[in-house]
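Chemist: The residues making up each chain are set out below.
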Amino acid sequence: ILNVEQSPQSLHVQEGDSTNFTCSFPSSNFYALHWYRWETAKSPEALFVMTLNGDEKKKGRISATLNTKEGYSYLYIKGSQPEDSATYLCASLGINKFYFGSGTKLNVKP
Amino acid sequence: ETGVTQTPRHLVMGMTNKKSLKCEQHLGHNAMYWYKQSAKKPLELMFVYSLEERVENNSVPSRFSPECPNSSHLFLHLHTLQPEDSALYLCASSQGQGRPGATNEKLFFGSGTQLSVL
Chain R
1 ILNVEQSPQS LHVQEGDSTN FTCSFPSSNF YALHWYRWET AKSPEALFVM
51 TLNGDEKKKG RISATLNTKE GYSYLYIKGS QPEDSATYLC ASLGINKFYF
101 GSGTKLNVKP
Chain S
1001 ETGVTQTPRH LVMGMTNKKS LKCEQHLGHN AMYWYKQSAK KPLELMFVYS
1051 LEERVENNSV PSRFSPECPN SSHLFLHLHT LQPEDSALYL CASSQGQGRP
1101 GATNEKLFFG SGTQLSVL
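Each protein sequence line maps, in turn, to chains R and S. For the first sequence, counting from 1, position 110 maps to 110 in the working numbering; every step adds exactly one. For the second sequence, counting from 1, position 40 maps to 1040 in the working numbering; every step adds exactly one.
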């Protein structure tokens, strides 16, 4: 079993603030790191899939980095908006299986 | 809309009932998954089907019985559940090449079935 840890567990920010969360995972038997965004009462949706050490991905105001040697990934949100409020999940792909973290719940206040 | 549909959205059942959860995808994906999310816990993989064949059974009790009649449909049959089985059950699919999880392809999730066992 891979332990995937996410921090913080929850985060409250004001509209316009920039924020970031951490996902840490065992660096052995690593194949890929996924980030998902999960709004309440909706389906989790994939944000990024990263595989290579040093990978950086960006989608609008959201970006992510990956360090496979030390086993962590950061997700950044620039200028948070209320519609960014959601739970952000990371998942590490080990041998034939995804291991999910418990998520970071982001609440952006207008 | 991710292209993966789950029904019902909510289900309340007694411990002696038999019920089924349904998942449908029209994305042309080869692999389908059942995940369980209990309160304040990470998503736990239950079952994986690749090309209609079960390739993973993650030590799930026999009171949960999956069925994959074709590559677009996945069921989870429930029988004699316990109150601790109350959770959100999520279905997902991925394109795969017959070996789900061996690639870095992303998962497409349904909205889940919130199950309460009384």
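Hints are computed from structural coordinates only; laboratory data are not their basis. There's no promise every hint is true.
With a cut-off of at most 20 Å between alpha-carbon atoms, the simulated SDA-like pairs for lysine to any residue come out as follows [what the hints assert, rightly or not]:
no.	chain 1	residue 1	chain 2	residue 2
1	S	1041	R	40
2	S	1106	S	1046
3	S	1040	R	50
4	S	1040	R	24
5	R	42	S	1055
6	R	97	S	1030
7	S	1040	R	8
8	R	69	R	50
9	S	1041	R	41
10	S	1106	R	37
11	S	1040	R	3
12	R	105	S	1038
13	R	78	R	18
14	S	1041	R	50
15	R	97	R	20
Chemist: Confirm or reject each hint.
Modeler: Hint by hint, here is what the structure shows:
no. : hint               : in the structure
1   : 1041(S) to 40(R)   : 16 Å, holds
2   : 1106(S) to 1046(S) : 18 Å, holds
3   : 1040(S) to 50(R)   : 26 Å, violated
4   : 1040(S) to 24(R)   : 18 Å, holds
5   : 42(R) to 1055(S)   : 27 Å, violated
6   : 97(R) to 1030(S)   : 16 Å, holds
7   : 1040(S) to 8(R)    : 13 Å, holds
8   : 69(R) to 50(R)     : 14 Å, holds
9   : 1041(S) to 41(R)   : 17 Å, holds
10  : 1106(S) to 37(R)   : 12 Å, holds
11  : 1040(S) to 3(R)    : 15 Å, holds
12  : 105(R) to 1038(S)  : 16 Å, holds
13  : 78(R) to 18(R)     : 4 Å, holds
14  : 1041(S) to 50(R)   : 24 Å, violated
15  : 97(R) to 20(R)     : 26 Å, violated
Hints 3, 5, 14 and 15 from the earlier list are contradicted by this structure; the remaining hints agree with it.
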